[in-house]
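J.: Sequence:
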Amino acid sequence: MLLNFFDVDTATGERSVELQVGDYPQLGLQSDLLVVSAFQGHYAPVPRTLLGRLHEAYGLTLSELDVALDLRSSPLKAWVSAPLDLGDQAPPSRFKRIAVVEGAIEWQEGDLVPWPPFNRLFSLLALLPMRGISCATVASPLLGSGNQGIDALSHMPELLEAYREAFRHLPDLEQLILFDKTDRHLSVLGEAIDSALARVDAQDLRIPLPSDLPGLERLNGLLRDRVDSRKEHSSVLAHDLSELLDILKGEQIAPIALGIHARRVVEQLVLFSLRDEPDHHRLNLNRGIRLLSQRGADRWLISCLHQVRCFGNWMGHPQREGQQRHIQLVDVLAVLSALQRVLEDYPWLIDA
67 MLLNFFDVDT
77 ATGERSVELQ
87 VGDYPQLGLQ
97 SDLLVVSAFQ
107 GHYAPVPRTL
117 LGRLHEAYGL
127 TLSELDVALD
137 LRSSPLKAWV
147 SAPLDLGDQA
157 PPSRFKRIAV
167 VEGAIEWQEG
177 DLVPWPPFNR
187 LFSLLALLPM
197 RGISCATVAS
207 PLLGSGNQGI
217 DALSHMPELL
227 EAYREAFRHL
237 PDLEQLILFD
247 KTDRHLSVLG
257 EAIDSALARV
267 DAQDLRIPLP
277 SDLPGLERLN
287 GLLRDRVDSR
297 KEHSSVLAHD
307 LSELLDILKG
317 EQIAPIALGI
327 HARRVVEQLV
337 LFSLRDEPDH
347 HRLNLNRGIR
357 LLSQRGADRW
367 LISCLHQVRC
377 FGNWMGHPQR
387 EGQQRHIQLV
397 DVLAVLSALQ
407 RVLEDYPWLI
417 DA
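As numbered in our numbering, residues 67 to 418 make up the sequence shown, in order.
There's no promise every hint is true.
20 angstroms max Cα-Cα, derived DMTMM-like pairs, lysine to aspartate or glutamate [what the hints assert, rightly or not]: (1) LYS315 - ASP397; (2) LYS247 - ASP270; (3) LYS315 - ASP278; (4) LYS247 - ASP89; (5) LYS247 - ASP312; (6) LYS143 - ASP132; (7) LYS162 - GLU130; (8) LYS315 - GLU283; (9) LYS162 - ASP238; (10) LYS162 - ASP151; (11) LYS315 - ASP270; (12) LYS247 - GLU84; (13) LYS162 - ASP132; (14) LYS162 - GLU122; (15) LYS162 - GLU84; (16) LYS162 - ASP136; (17) LYS247 - GLU122; (18) LYS143 - GLU130; (19) LYS247 - GLU257; (20) LYS162 - GLU240; (21) LYS162 - ASP73; (22) LYS315 - ASP291.
Label pairs and their calculated CB-CB ranges [claimed, not checked]: (23) GLY118 - LEU271: 30 to 40 angstroms; (24) GLY287 - ALA262: 30 to 40 angstroms; (25) LEU271 - ARG361: 49 to 59 angstroms; (26) GLY118 - GLU80: 34 to 44 angstroms; (27) PHE105 - ALA418: 50 to 60 angstroms.
Derived from the structure by calculation, the hints contain no laboratory data. Each residue gets a CB set at the ideal place from its N, CA and C atoms; glycine is no exception.
Build out the structure end to end from the sequences listed, making use of the hints.
T.: Now the structure itself:
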């Protein structure tokens, strides 16, 4: 379950930090790299730990993995596995490699990052492109917050700033996903995100949805129809579509979750529609919508695409002083209506 997120504006484009709560294998997260922490040389799959869960769900044992990059003898005290084949029957969360951050975990006054494991992780990520290892999306628990005994409730604001700094120095990193079994630790970090974005509504805001809302069943059907059995679209799109379906099942809606998942669905459909464009991989959602407009897409469709984009940005961007506003039911209904029009018209008619 998505708890919170924020976008990081950098010279290379928007990237994001995302907080997810739940059983990792079942969260449906798609990442290039899964990060775990461990005591030096101790990789036993202890029950009720992440290592234990990886062994139960994927049959993985760290000590049996092939190592592609070994930096255990360096100050980083980390290593990265060779590419993994999880098989077709693996749980919904998928990852291509595992990175293991080892060693004692202590914070000392003057450290650049409150938790040295994250400091070492960011340094490791900076090295990977030079070794030909691509890691645009990284999933990580709060390193050391399990059996290693870190005080996960300390230094949250400093940690948030550390994430921002990491994105500024890691141009290849597009998305950092932090996850935990419960929201005990992540909710504190989420509160720091709310404060940093100057949100007037907290991460736990829920807006009741009218039970007799016209068109809601149709929107559910459109979302289900977009789950592509031919695998033409990415598994990331399937995950976001499933998350939206889950959001709409409830009697209340979490605006933050609605914002990011709706924006992602629209972004992936826009970029897929422009896959014949030169350098299409350099497009983002805003530029993609403008390009669709230039290629003759319907103006009402364009306005709906922008409405979904702007709602997602509202949920994930800092709010300017004097322009903060509370999220109301009318805002939720507006974005749901825009999303329905976007899906109703897909595939969109555009000039070749």
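J.: Each hint: holds or not?
T.: To see whether the hints hold, each was checked on the structure:
1. LYS315 - ASP397: At roughly 18 angstroms apart (the allowed maximum being 20 angstroms), ASP397 and LYS315 satisfy the hint.
2. LYS247 - ASP270: holds, 17 angstroms
3. LYS315 - ASP278: holds, 13 angstroms
4. LYS247 - ASP89: Given pair LYS247, ASP89 holds - Cα atoms ~5 angstroms apart, limit 20 angstroms.
5. LYS247 - ASP312: holds, 19 angstroms
6. LYS143 - ASP132: Roughly 17 angstroms separates the two Cα atoms, so the pair holds.
7. LYS162 - GLU130: holds, 16 angstroms
8. LYS315 - GLU283: Answer holds: LYS315 to GLU283 is near 10 angstroms, not above 20 angstroms.
9. LYS162 - ASP238: holds, 16 angstroms
10. LYS162 - ASP151: holds, 8 angstroms
11. LYS315 - ASP270: Distance of about 17 angstroms is within 20 angstroms: holds.
12. LYS247 - GLU84: Holds: LYS247 and GLU84 sit about 15 angstroms apart, inside 20 angstroms.
13. LYS162 - ASP132: holds, 13 angstroms
14. LYS162 - GLU122: holds, 18 angstroms
15. LYS162 - GLU84: holds, 19 angstroms
16. LYS162 - ASP136: Holds - the C-alpha atoms of ASP136 and LYS162 are around 17 angstroms apart, at most 20 angstroms.
17. LYS247 - GLU122: holds, 15 angstroms
18. LYS143 - GLU130: holds, 18 angstroms
19. LYS247 - GLU257: The given pair, whose Cα atoms are some 18 angstroms apart, holds under the 20 angstroms limit.
20. LYS162 - GLU240: holds, 16 angstroms
21. LYS162 - ASP73: violated, 24 angstroms
22. LYS315 - ASP291: It holds: about 16 angstroms lies between the C-alpha atoms, which stays within 20 angstroms.
23. GLY118 - LEU271: 30 to 40 angstroms: holds, 34 angstroms
24. GLY287 - ALA262: 30 to 40 angstroms: holds, 38 angstroms
25. LEU271 - ARG361: 49 to 59 angstroms: Check failed, 38 angstroms falls outside 49 to 59 angstroms.
26. GLY118 - GLU80: 34 to 44 angstroms: Distance hint for GLY118, GLU80 holds at roughly 36 angstroms.
27. PHE105 - ALA418: 50 to 60 angstroms: holds, 58 angstroms
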